[in-house]
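**Q** Numbering (my numbering), first residue to last: 5 to 267.
Don't read these hints as lab results, they were simulated from the structure. Ideal Cβ placement from N, Cα and C applies to all residues, glycine included. Watch out, some of these pointers could steer you wrong.
Stated by the list, open to error - Calculated pairs, DSS-like style, for lysine-lysine (alpha carbon to alpha carbon, straight line, at most 27 Å):
#	residue 1	residue 2
1	262	246
2	139	128
3	121	103
4	246	216
5	216	139
6	216	178
7	156	105
8	256	266
9	189	103
10	216	229
11	103	126
12	216	156
13	128	229
14	216	188
15	229	121
16	121	216
17	126	156
18	216	189
19	103	229
20	229	189
21	105	188
22	178	105
23	121	82
Unchecked claim - Per label pair, the in silico range of CB-to-CB distance:
#	residue 1	residue 2	range
24	151	201	43 to 51 Å
25	264	236	17 to 25 Å
26	231	199	50 to 58 Å
27	251	152	25 to 33 Å
28	156	121	56 to 64 Å
29	232	252	21 to 29 Å
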Amino acid sequence: MKNILKHSVNMLVPLLITITIAILILAIYNIFGLAPEAIIGQSKMSSLPAIAISAGVLIASITYLSNKSSQAVTHQRKRDELYLSITRESFDEVYGLLKDKNNDRIVWVRASRLLLKTLAIKSKIQTPGILDAFKLAEERLRNELYRSLSVKSDIFSSRQPLPPQFFYGIADWKTEISLDEAAKKSSSKIEAHLVEIDKNLPEPEMAPLSAKTVIAIFDFMEFPKDYDDPLPNVEEWTDNWKDTHGIEQGAKRYIAHKNSQKG
Numbered sequence: 005m006k007n008i009l010k011h012s013v014n015m016l017v018p019l020l021i022t023i024t025i026a027i028l029i030l031a032i033y034n035i036f037g038l039a040p041e042a043i044i045g046q047s048k049m050s051s052l053p054a055i056a057i058s059a060g061v062l063i064a065s066i067t068y069l070s071n072k073s074s075q076a077v078t079h080q081r082k083r084d085e086l087y088l089s090i091t092r093e094s095f096d097e098v099y100g101l102l103k104d105k106n107n108d109r110i111v112w113v114r115a116s117r118l119l120l121k122t123l124a125i126k127s128k129i130q131t132p133g134i135l136d137a138f139k140l141a142e143e144r145l146r147n148e149l150y151r152s153l154s155v156k157s158d159i160f161s162s163r164q165p166l167p168p169q170f171f172y173g174i175a176d177w178k179t180e181i182s183l184d185e186a187a188k189k190s191s192s193k194i195e196a197h198l199v200e201i202d203k204n205l206p207e208p209e210m211a212p213l214s215a216k217t218v219i220a221i222f223d224f225m226e227f228p229k230d231y232d233d234p235l236p237n238v239e240e241w242t243d244n245w246k247d248t249h250g251i252e253q254g255a256k257r258y259i260a261h262k263n264s265q266k267g
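Please work from the sequences and hints to get the whole structure.
**A** Below you can see the structure in the form of structure tokens.
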């Protein structure tokens with residue numbers, strides 16, 4: 005809407021300037037008795053100076069508003085650039101907290117809080133290009149978290165989801181134990197420690213992971229329902245695989261063979 009208004013103002017100002025100049029010329033002609041009265045009429049000619057002044061004031065006002073609007077757009081863009089910079093740094097921090105597949109309750113709380121606060125910045129961004137960059141940063145983090153919060157399997161070729169035992173915060177989550185056993189292991193242990201000035205007390209174990217932190221992270225990893233998927237717009241290969249060379253040879257042979265199996 006702001007861009008449309010700015011464009012309209014930019015179109016209107018030159019037109020008003022042209023009209024004002026024409027009126028001023030006629031007013032000057034009128035002063036020296038050279039005005040074309042046959043075209044305009046004497047009664048109207050007398051009002052030309054006032055019209056010219058009014059038009060000049062109008063042009064000045066519109067120009068002021070146009071400049072003010074342009075400054076507002078510039079300031080908004082600078083704010084949006086700052087928001088984007090903060091977003092990228094925060095997303096990097098979220099990934100840094102979770103990339104080692106830790107199941108530390110405190111770390112997950114910190115990561116999920118930072119993620120949610122960063123996502124809230126999105127609604128403040130108004131510059132279209134910067135909003136697109138924000139969405140790309142989101143997608144990058146989704147991909148990074150997918151790799152971090154999934155496991156390679158010796159049986160399956162594709163990456164597999166983390167086992168439910170992981171979320172109980174136990175150290176041996178890769179061991180095949182029941183969820184009941186995992187829940188027992190994750191229960192808080194009460195330990196007594198001697199309080200000494202030269203030693204810190206050990207931090208209590210805080211397991212299992214908070215349900216809301218898990219939901220926040222994994223909800224983000226899902227692509228949104230309104231996600232604009234670019235893949236459907238990719239054109240199919242139609243050239244002959246026999247004519248291919250270089251790095252794409254294997255890929256083109258695979259596509260050609262896969263297509264031959266259809267029907």
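**Q** Now tell me if each hint is right for this structure.
**A** Comparing the hints with the structure gives:
no.	hint	verdict
1	262 - 246	holds, 15 Å
2	139 - 128	holds, 13 Å
3	121 - 103	holds, 19 Å
4	246 - 216	violated, 54 Å
5	216 - 139	holds, 23 Å
6	216 - 178	holds, 23 Å
7	156 - 105	holds, 12 Å
8	256 - 266	holds, 16 Å
9	189 - 103	holds, 24 Å
10	216 - 229	holds, 21 Å
11	103 - 126	holds, 24 Å
12	216 - 156	holds, 26 Å
13	128 - 229	holds, 21 Å
14	216 - 188	holds, 21 Å
15	229 - 121	holds, 21 Å
16	121 - 216	holds, 14 Å
17	126 - 156	violated, 33 Å
18	216 - 189	holds, 21 Å
19	103 - 229	holds, 26 Å
20	229 - 189	violated, 38 Å
21	105 - 188	holds, 21 Å
22	178 - 105	holds, 12 Å
23	121 - 82	holds, 20 Å
24	151 - 201: 43 to 51 Å	holds, 45 Å
25	264 - 236: 17 to 25 Å	holds, 22 Å
26	231 - 199: 50 to 58 Å	holds, 54 Å
27	251 - 152: 25 to 33 Å	holds, 28 Å
28	156 - 121: 56 to 64 Å	violated, 32 Å
29	232 - 252: 21 to 29 Å	holds, 27 Å
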